[in-house]
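Engineer: Sequence:
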Amino acid sequence: MIRILIADDQELIRDGLQTINELQEDMKVVGVAEDGQQACELTEKLKPNLVLMDIKMPGMDGIESTRWIKKHVPETIVLILTTFAEEQYIIDGLIGGASGYLVKDLSSEKIVSSIRDAVQGQFLLPASIAAKLSARLSYLSGTLESVINKDRFKEGDIHFTEREKEIILLMVEGKNNQEIAGILFMSVGTVKNYISNIYQKIGTSDRTKAVVILKEMIV
Numbered sequence: 000m001i002r003i004l005i006a007d008d009q010e011l012i013r014d015g016l017q018t019i020n021e022l023q024e025d026m027k028v029v030g031v032a033e034d035g036q037q038a039c040e041l042t043e044k045l046k047p048n049l050v051l052m053d054i055k056m057p058g059m060d061g062i063e064s065t066r067w068i069k070k071h072v073p074e075t076i077v078l079i080l081t082t083f084a085e086e087q088y089i090i091d092g093l094i095g096g097a098s099g100y101l102v103k104d105l106s107s108e109k110i111v112s113s114i115r116d117a118v119q120g121q122f123l124l125p126a127s128i129a130a131k132l133s134a135r136l137s138y139l140s141g142t143l144e145s146v147i148n149k150d151r152f153k154e155g156d157i158h159f160t161e162r163e164k165e166i167i168l169l170m171v172e173g174k175n176n177q178e179i180a181g182i183l184f185m186s187v188g189t190v191k192n193y194i195s196n197i198y199q200k201i202g203t204s205d206r207t208k209a210v211v212i213l214k215e216m217i218v
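So in numbering that gives the first Met the number 0, the last one in the sequence shown is 218, and the numbering has no gaps at all.
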């Protein structure tokens, strides 16, 4: 029996998904959540096999909730089911540990089969989502190749790791933390940690001053 938790802020959607799943002999909805925080709490309490996760919800959104669940209840599969197909949402969801990214215009039969496939260990991306992701990755790959040349750093008393150099070169190009995270396929939190280390090495916590200092360190 596949034990499912549904997380969506719209009651109509929750009810519809619950009805679809409970019509299946091999599925049981063990809980429903109205937001990401409740999804985390119920997942920890009920230990479902799979969470059907919406993205835009009040308070904690589906991306943040996915990250929390995969960190604290890693055996639970998270399958994103949303109306939003923006490339950054797709990347953030997959980086956060989701096992697939579905859109709500799928048929009920496809949603049900996707749940079964995800539980069997398959990674799920409908063709429309895969095409968006491919286009985004192609763009990011070109951006990364044109920006990052780590041999440009001057040798001195301050030494940076290879990852720090990548982040520095994007910082001086004017990229914000969210953009850096997308280009390097990292979480925003991880980017912030690297930048904190960079600040410590150069002796400032002001981003504008840091960029000026770092520019002088690049040939």
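Worth flagging that the hints you see were computed from the coordinates, not collected in a lab.
Predicted, not measured: the structure shown is a model, and the values here were computed from it.
One should not assume that every hint holds.
[Claimed, not checked] Calculated cross-link-like contacts (lysine-lysine; reagent style BS3-like; alpha-carbon spacing at most 30 Å): (1) 109 <-> 69; (2) 174 <-> 191; (3) 46 <-> 69; (4) 46 <-> 70; (5) 214 <-> 174; (6) 103 <-> 46; (7) 191 <-> 109.
[Said to hold, decoys possible] Ranges between beta-carbon positions, derived for each pair: (8) 58 <-> 124: 19 to 29 Å; (9) 206 <-> 161: 13 to 23 Å; (10) 157 <-> 27: 52 to 62 Å.
All residues carry an ideal CB built from backbone N, CA and C; glycine is no exception.
Engineer: Take the hints in turn and mark each one as holding or not.
Structural biologist: Verification of the hints:
1. For the given pair, residue 109 sits about 24 Å from residue 69 by alpha-carbon distance, which is consistent with the 30 Å threshold.
2. A distance of roughly 13 Å separates the Cα atoms of residue 174 and residue 191; the hinted pair therefore holds under the 30 Å criterion.
3. At roughly 12 Å between alpha-carbon atoms, residue 46 and residue 69 fall within 30 Å of each other, so this suggested pair holds.
4. Restraint check for residue 46 and residue 70: the C-alpha separation of about 13 Å stays at or below 30 Å, so the hint holds.
5. With a C-alpha separation of about 14 Å, the suggested pairing of residue 214 with residue 174 holds against the 30 Å cut-off.
6. Taken as a hint, the residue 103 and residue 46 pair is honoured in the structure, with Cα atoms around 24 Å apart against an allowance of 30 Å.
7. Proposed proximity of residue 191 and residue 109 is contradicted: the alpha carbons are some 39 Å apart, above 30 Å.
8. Separated by about 27 Å at the C-beta atoms, residue 58 and residue 124 satisfy the suggested range of 19 to 29 Å.
9. Taking the beta carbon of each, residue 206 and residue 161 are about 21 Å apart, inside 13 to 23 Å as hinted.
10. The hint said 52 to 62 Å for the Cβ distance between residue 157 and residue 27, and at roughly 57 Å that hint holds.
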